[in-house]
Amino acid sequence: MSRHGPAVLDAGQRHPVRFTLNGRTVSGEAEPRMLLHDFLRHVLGATGTHVGCEHGICGACTVQIDGAPARACLTLAVQADGAEIRTVEGLAPAADRLSVLQEAFRTHHGLQCGFCTPGILMTLDALLRERPDCGEAEVREALSGHLCRCTGYAPIVKAALAAAEALRETDHA
Amino acid sequence: MAPDVHARNGDEAGWVGKSVPRVEDAALLAGRGRFIDDLGTPPGTLHAAILRSPHAHATIERIATEAARAMPGVAAVLTGAELRDLASSLVVGVKAPVECWPMAIDRVRYVGEPVAVAVAADRYLAEDALDAIEVRYAPLPAVVAPRDALGDGAPLLHEGFPGNLASDRSFSYGDPDGAFASAPHRIGVAVEYPRSACTPIETYGVVAEYDPALDAYDVLANFQGPFSIHAVIARALRVPGNRLRLRTPPESGGSFGVKQGVFPYIVVIAVAARLAGRPVKWIEDRMEHLAGAVSATNRSTRLQAAVAEDGRILALDWDQIEDCGAHLRAPEPATLYRMHGNMTGAYAIRNVRIRNRVVVTNKLPTGLNRGFGGPQVYFPLERLISRIAATLGLDPLEVVRRNLVPADAFPYRTATGALLDSGDYAAALEAALRDGAHASLLARRAQARAEGRLYGIGYAAVVEPSVSNMGYITTVLTAAERRRAGPKNGAQATATITLDPGGAVSVHVASVPQGQGHRTVLAQVVADVFGLRPAEIRVITEMDTAKDAWSIASGNYSSRFAPAVAGAAQIAATRLRERLARIAAVQLNARPDELVFAAGKVFSPGNPGNAVAFSRLAATGHWAPATLPEDVEQPLRETAFWTPPQLGAPNDADEVNSSLCHGFIFDFCGVEVDRDTGAVRLDRYVTMHDCGRILHPGMVAGQVTGGFAHALGAALLEEQSYAPDGSLLTGTLADYLIPTAMEVPELVILHYETPSPFTPLGAKGVGEGNTMSTPVCIANAVADALGVAEIQLPLLPSRLSEALHGAESSPPRREARPPQAAPGERALFGSGRAEVDAAPEQLWAMLLDPDLLARVVPGAHNVQRMGETRFQAEVTLGIGPVRGRYRAEIALSDLDAPRSVTLSGSVDGALGFGRGRGRLRLEPVGPTRTVLTYDYEAAVGGKVASIGGRLLDGAARVIIGQFFASLAAQASGRRPSLWRRLLRLLRGRA
Amino acid sequence: MKPARFAYLRAATTEHALEALHQGGGEARVIAGGQSLVPMLTMRLARPALLVDIMHVAALSRTDDDGARITIGAAVRQRALETRDGLAQRQPLLAMALPWVGHMQTRSRGTVCGSIAHADPSAELPLVLVALGGQVHLLSRRRARRLAAEEFLTGMMVTARAEDELIEAVSVPAIRPGTGYAFREISRRHGDFAIAAFAAVADERGVRLAVGGVAAIPMARVLPTDQALGDALDAFAWDLDARDDLHASARYRRELVRRIGGDVALEALRDQQARAVKEAV
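From first to last, the protein sequence lines are chains A, B and C. Its first residue numbered 1, the first sequence is counted upward by one per residue in our numbering. Its first residue numbered 1001, the second sequence is counted upward by one per residue in our numbering. Its first residue numbered 2001, the third sequence is counted upward by one per residue in our numbering.
Simulated from the structure, these hints should not be mistaken for laboratory data. Here the structure is a predicted model, which means the values were calculated and not measured. Some hints could be false.
So the derived list for chain C, only partly shown, Cβ under 10 Å to chain B, looks like this [what the hints assert, rightly or not]:
{"no.": "1", "residue": "Ala2004"}
{"no.": "2", "residue": "Ala2248"}
{"no.": "3", "residue": "Arg2253"}
{"no.": "4", "residue": "Lys2278"}
{"no.": "5", "residue": "Ala2280"}
{"no.": "6", "residue": "Val2281"}
Stretch-level coverage of chain B by chain C, calculated; a stretch enters the list once three of its residues show a Cβ under 8 Å from a Cβ in chain C [said to hold, decoys possible]:
{"no.": "7", "segment": "1280-1294"}
{"no.": "8", "segment": "1789-1798"}
{"no.": "9", "segment": "1863-1877"}
In this text, a Cβ means the ideal position worked out from N, Cα and C, and glycines have one as well.
Construct the entire structure; sequences and hints are all you get.
What follows is the structure, given as structure tokens:
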């Protein structure tokens, strides 16, 4: 089939996968069947992205692929080749500083066990960027792609709205 | 500058009671959490995958593992046979000759029960190996409902539990007979409380290693306690406790009780590591979790009350049948006995009769889940209050008020033995009504009803127990059995404070948090004792049974952290402070008891300028032990053990103080039910808590909202469903429905504080209460909205629709409909008809010819004749992208050549199994033309049932239809050209 | 939950993909957004030998609007269509239904054609395709053909697509003057598969109501708008041959068809009137 384009990546063999992770080019090897979250966590060692259901419901593994929040568990590593990926490790502006959104989560007790939090942050980060004026209804709808068993969501909604407001103020200032 | 002598000195002005930012958060928010799957493993660590039973009940006839063992990368395969050689059964909490293995041995008893473990170089390869393991099951009849399990002729799960009854105890307190005989009213409720599970977002994880030289196991697991289970695991692994080192990772992604249930897997993975001779890691996946982790119990309850004219309850008569699933796993039947002291709830009821039966059924074994026994008790009790009000024509609030334990009665000993520590229930209730704007809610209901909308108000008053008595579970034994076994009681909490050579303070506890912020609260508590800032205190909560101070009561359960563990830390810190004060007193020439610890300094309030730095003082034990006053013990490290004296063993009258603390909750809510869809909308929810002293308001609010969300799920969405044949119907998160941010509204949280006199800090537990109060509060409101007496959780719109929409019109005139299975039942019925260009004889011959059959059976290859009318085949079946290989058996019976025949078939494969039976009739309508009619019943189960139950029936119909269509096509000498043709054949008929 | 082994091909052109499907026989499957396929791989329900990734084929990534029809290429993600400028003006029903498809985190990857190819009886996009009388454009090395939605969707997760065929695109009529639309979905939670979903189109021929989640495929019927509506809905409800499942009884589904189906039909008529007023202005 190679006469029309790239070659088939054989099953059972590892193939190079390369993409941008939080602004840096990274690479590793993966079988075609390897899921993106396994590649991030166990090949690249980026364990901030968590795995909760591996069938696309819980949202714990949400990362940003080419700017949009997406489930790492519904993506093959080979599909991500050449993409731009952002994970929770890329949110903080510095190792000792949290982003506005992260800080709002801390202030408003938007997390307890913190396991679902990285995925939620990736969704909200994208939402606040795209819809700076978003209100509670939009926040809740975006959050409905995530399951949290600890918080009952109210503190997460508060944190998101507080972060949105803080970001708007920063923009005005 | 002189420090502020009054601030931060362990009194009200200190850190405790403030919502300080959590020390846990920065790492968790930046993706630097250290959960079990984030930690490195020893080089050479292998990965396990678990093969699980697709059957609810079956004998294992054969497990063939050779092919799996021979696969590249596969190191070992563990089955029940090896497990039996290397381990022992888990101990069972009742006296009965039964075994409880963490993996099936010879027989499976629930869908999801582990059958084999493959250990390979990575998880992908381990799952490949599972595909190569062949298991032959001989299915047995299954029993699912607890009352059915007790029925005559019910399938028996364990020989040692005759009639599936694991325990049957009756209790009587006061004079229930007299009360019932003389009471003017007898009012009762019947409740089937469903199963749900708290499903933390992080699943189970275990990394185990075995050292043959020491005959010792080293296990890292996200276990949550109670550490009484450590003894159970060690015993199962046949090692003394000191040869089972059990460690927990620094972070755990939620538990809500559930991670107690990892312990059978600790045994399995430890044995797998021993077998493989290498460390083995296993991270449970979500489908494993939903099928095989742990569930709360479902319970069938009949509750009767003897009631006076004014609504006062004179006696209760409880008849509870607890369903613990397929095995009675430690600490069950604790769910049933956790509430034993509190069976009268928030009410002063002196006469109580209880019958408690524990049954086993072909479902997932049960264990700890948030609320543990509370929801199952309060649902009937608070529904009863509502029924009493409806029956006697009283306001439900009046019935509550007339029965509450009076404020002057505390500490109040309940009829069944609990000692309610503190409270003013009536005052808390009135405060809730006032501050929660109850009057406006009544107005809202009146308004809604005037507009023709369905609006209801519900109430619930509950007592929330916390800090379990380690002896309550022995109430399941008779007094004589307890005497033989020796007394069990108390609730040892531990905490260790360490001072390092620079005077820095560390705290070690065995509290094993899963997100509850223990590190923050302990830093607050200890900072207050030493006059430091919380940021100066380092708190270590990962646990290591080989090095830490712990007891069987250690762990994170029964909401024991704030009342017990935080208190133990305060005691340990206070002891060290007393020593430091005596050392400082010499240096400062002051009395030890007048010294103040504040702002990092120690000084006498009269002379604050003459101070010693805390860090310098705290380092004394390291650098200058010889300078310590003679009778002062070393000030390096202090471990406090604290157990409350109020937690005694059950007495001979079976009275038991099952928990140390008893918070009070009063909830009320307003709901609206959509007339068209039956959807329940929570309009307003108010929850009033008396959880004693509040150590961290933000975290208390977090516990309440989190518990509320769990409860809302249990009320509206969540049920771990099993079909009558034991098939699991909620095998994915697309069917086990957890509330999202769209379903959980904000709630109003109120507090009424009466500190517990029994705990060091005055705190009580708070995390579980709403799982007890909220489901029934919502149910009471929905019952009020619909005006119905019977209400069943979860409140499915589909179910409410029946009450709402009355009898359905009959279908318009149309062809007779085939029988339909009852809701939830897996059986399918169908029928069809086709005209074929062939004589009946031709068709008949085909049915008996393996070669032709191979062409007719969808996806069949390698059809073999096993007897005159029996065939075996390999088949590949698929619908859309779903495709799997199965072993098929087909038999013909009741042959009436060439007119009719019964076809029975079964298929079995990795994706599931199916069995069906159909009667096929051939009727000539011309010399070479036959009308073929058939009707069938079929049942499908296994993996596909638990994943795609929503789609499965349709898929099975397509495949069955495909068979008959193909038969017709073959006979007509044509291949069916298009799916469309097949479906046209079947649609509207099947 | 890890997929069994498969090979992977990132197709560069449509021809490249068709060749792979041709050679792969039934063992090759197209992967587009993967939002339905990957969980089936992970659960080992689907075990193709080869996945043909079409997301890098530029020719398949286009949405064309020629004034009469909107044609959505196989590699167009749901989110791309949802956020397309003017979608609500060009085809309101699509704009109404897209926010109900999964969650924003799956719409960012999932494709419009992929959802239709998957043919889940409860999915929104097949329902909209049926309601609008859309077409599925199939392409293989052998032939190109277009099937009406009802011809394409043959059963629960079963379609008329041959194993070597690629869904090149789907197309729906653009908005026409004098037409009104309505959509509503009843599910247990937001983002869940529909217990019942309704899409209605009101035009000069009457109101056409399509129902998803009840029968094996979405079914549409033109309903009377007078007092005969109730009886017609009742007959439609029974004809859909609803089944019981874990989340809802057959009877409940019929009840929804009668009650909500009627509401949605009337809402489409109101929308038609409102648009007529606007058009007149």
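Hints, verified against the model:
For C:Ala2004, the suggested interface contact is upheld, since its CB lies about 7 Å from the closest CB of chain B, less than 10 Å. The beta carbon of C:Ala2248 is positioned within 10 Å of a beta carbon in chain B (closest approach about 4 Å), and the interface hint is therefore held. Taken as an interface hint, C:Arg2253 checks out: its beta carbon lies about 8 Å from the nearest beta carbon of chain B, inside 10 Å. This hint is violated: C:Lys2278 has a C-beta 29 Å from the nearest C-beta of chain B, more than the 10 Å allowed.
Because the closest C-beta pair between C:Ala2280 and chain B is about 33 Å apart, greater than 10 Å, the hint is violated. With a cut of 10 Å, the hint placing C:Val2281 at the interface with chain B is violated, because the nearest CB-to-CB distance is about 34 Å. Taking a C-beta to C-beta cut-off of 8 Å, the segment 1280-1294 of chain B contributes 3 residues in contact with chain C, enough for the three needed, and the coverage statement holds. Chain C is given as covering the segment 1789-1798 of chain B, and this holds because 3 residues of the stretch bring a CB closer than 8 Å to a CB of that chain, at least three being needed.
Beta-carbon proximity to chain C at under 8 Å applies to 0 residues in the segment 1863-1877 of chain B; the threshold of 3 is not reached and the given coverage is violated.
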